[in-house]
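Here the protein sequences come in this chain order: Z and D. Following the working numbering, the numbering of the first sequence begins with 206 at its first residue and continues without gaps. Following the working numbering, the numbering of the second sequence begins with 3 at its first residue and continues without gaps.
Simulated from the structure, these hints should not be mistaken for laboratory data. Some clues are possibly wrong.
[Said to hold, decoys possible] One side only, chain D facing chain Z, incomplete, derived with CB under 7 angstroms:
| no. | residue |
| --- | --- |
| 1 | Leu56 |
| 2 | Leu59 |
| 3 | Arg61 |
| 4 | Leu76 |
| 5 | Ala77 |
| 6 | Arg79 |
| 7 | Arg80 |
| 8 | Val84 |
| 9 | Phe86 |
| 10 | Leu90 |
| 11 | Asp93 |
| 12 | Pro110 |
| 13 | Gln263 |
Every residue, glycine too, gets a C-beta built ideally from N, C-alpha and C.
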Amino acid sequence: MDLIWDGFTEAVELIFTGDAYVYEVTLTSLYVSGTATLIAVFFGFGIASLLVFRAPPGRTAALSVFNAGMALPPVTVGLFVVILLWRTGPLGGLGLLFTPTAIIIAQAIIATPVITALSFVALQSVNPRLRLQILALGASRWQAGLLLFREARLALLAAVMAGFGAAISEVGATIMVGGNIRGSTQTLTSALLLEVQQGDFETAIAFSLILLAIVLLVVGGLTVLQQRGSAS
Amino acid sequence: MSEPRIGLRDVQVEKGRRTVLDIERLDVSGGEVLAVVGPNGAGKSTLIGVLGLLEELTRGEVSFGGEPISGPYLAYRRRMAVVFQEPLLLDTTVEANVTTGLRLRGVPRDERRERARKWMERFGIAGLADRSARTLSGGEAKRTSLARALVLEPEVLLLDEPFAGLDEPTRLALMDDVGGVLGESGAATVFVTHDRDEALRLGDRLAVLMDGRIRQEGTPQEIFAAPADEEVAAFVGTETVAPGRVQGVVDGVASVRVGEQVIEAGGDVATGDAVLVCVRPEDVTIGPPGDGGPTSARNRLPATVTRITPAGPWVRVELDAGFPLVALITKRSVEELSLAPGSAAVATLKATAVHLIRRQETGDR
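Let's have the full structure, built from the sequences with the hints guiding it.
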């Protein structure tokens, strides 16, 4: 119990005294996971709307792939991204391995199927005749798309939350492609793992508290936004 | 008739391997209401989709203002408005729903609000402006959907069963409101319905759509008095439909002038109302001329037989009673009364058998 209590009090002290190491790791985490989520939203929303509104041939097969992708083992993603970015790999020349960009790529690959599959369901659940009504009201294709996204906003926000959760809680691929380099590619999850391995439970607890706080703040904020939307 | 505002030429729509719409020609002019009546599955909603440029044609063309439609559909769609059977409202407030089309057209905010207020008042939903569309009753949602279409002041208005699924008082009240609006709007209106009364009440012209084809087109009188074929007759009912005007109402019984006759009938009408007088042929009895015995029937009309045609086990007798009147009687009655074209008779019908449909009267229709 002492270990937990001491760890907790020291963690709070680290957070509120502005410990440089803790803040650096937190900012790196927010940067890589936030960017990865934005990229995943871009591709996820785009692919989902293409599958729902254009209904291309092979739609079910594509959807099956994205559904399976929700259970994609992160270490497998990490392995493939490492091979891709390795010095002798196809994209080795870019020198991205063990950089925050490499982590962003890996996390985006992990979050994209989650956001795509959930957005597909969100958009598919909108009454298909509503799209006709919106076009009949004089909407261009873009305007129609925006209005339909607005209609599905509650479920789409849930997809974004799930995607962000998958990205920020990821650790295996992050360490593989980022290398867990202090001051560069260390994220909250990878730093937490390192601190536990080194027996520094106070710092590990501080990281876990921050991680929980971020998840609560971001997901809580999105939930408030979602529920406001449902009350309009 | 003025130049057609919207029309179809040689249009065919196939779904799967089935032809769901096959129309050689259809025209609707500005200020005119074409009521398309047909049973379920006749292709009515597909017709609205085709006219609204929302359905792909297998062949044929849609014309707008007399010219075949060419180029992007968006420009044409922005000159039309469609009201579907379901209200299909967006998940926002009533006012935001009503202004959606205006917002999409880039109409400035102040003008949007002003126009929305006018149409919300017109449809009695101004008090609901800030309410979420999700909380509306069926009737309120339909009113919102109609206001959303009419606020656009469209050149072409397409109504797909807008009164379906409403309780009777709401349906009648909404029909009254829509009738008034259509008379003023100047839009070329196509109104599809499976309900004959709705079609008669709102349509200037009727088209009967069955199996994707327009089987008959004309005035209500033409279609009801002379159905093109048996199927049309079975659907519309071989009724007598004649225009008339209410001369007075006493104790809920209206006296209606129809041609040279005055007919007594029940109905929610007022003195001066223009009405369509509808009589089912099985409600008309025929007697010899001068048959003046006491009877409870309020209407005894001297008439001349104009045509006699067999109709299955019955005989269809067409009469000229100062207006065309159709009776359905037995072969034996025809023989006993020695009815033949040109013979005189008296047609009798009860006031309760006469169905009155109030018509909207406007200067420009």
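Evaluation of the provided hints:
Checking D/Leu56 against chain Z: minimum C-beta separation of about 5 angstroms stays under 7 angstroms; hint holds. At about 16 angstroms, the closest approach between the beta carbon of D/Leu59 and any beta carbon in chain Z exceeds 7 angstroms, and the interface hint on this residue is violated. The interface hint given for D/Arg61 is broken, as the beta carbon of that residue sits about 22 angstroms from the closest beta carbon of chain Z, more than 7 angstroms. At a threshold of 7 angstroms, the smallest CB-CB gap from D/Leu76 to chain Z is about 6 angstroms, leaving the interface hint in force.
For D/Ala77, the interface hint is violated, since its Cβ never comes within 7 angstroms of a Cβ in chain Z; the closest pair sits about 9 angstroms apart. Because the beta carbon of D/Arg79 sits about 5 angstroms from the nearest beta carbon in chain Z, less than 7 angstroms, this interface hint is met. For D/Arg80, the shortest C-beta to C-beta distance to chain Z is roughly 4 angstroms, which falls under 7 angstroms, so the interface hint holds. Taking 7 angstroms as the C-beta cut-off, the interface hint given for D/Val84 holds, the closest approach to chain Z being about 4 angstroms.
Interface hint status for D/Phe86: upheld, as the beta-carbon distance to the closest one in chain Z is roughly 6 angstroms, under 7 angstroms. With 7 angstroms as the threshold, the beta carbon of D/Leu90 comes within range of chain Z, its nearest partner Cβ sitting at about 4 angstroms, so the hint holds. Because the smallest distance between the Cβ of D/Asp93 and any Cβ of chain Z comes to about 6 angstroms, under 7 angstroms, the interface hint for this residue holds. The interface hint given for D/Pro110 is violated, since its Cβ lies 16 angstroms from the closest Cβ of chain Z, which is over the 7 angstroms cut-off.
Taken as an interface hint, D/Gln263 does not check out: its beta carbon lies about 46 angstroms from the nearest beta carbon of chain Z, beyond 7 angstroms.
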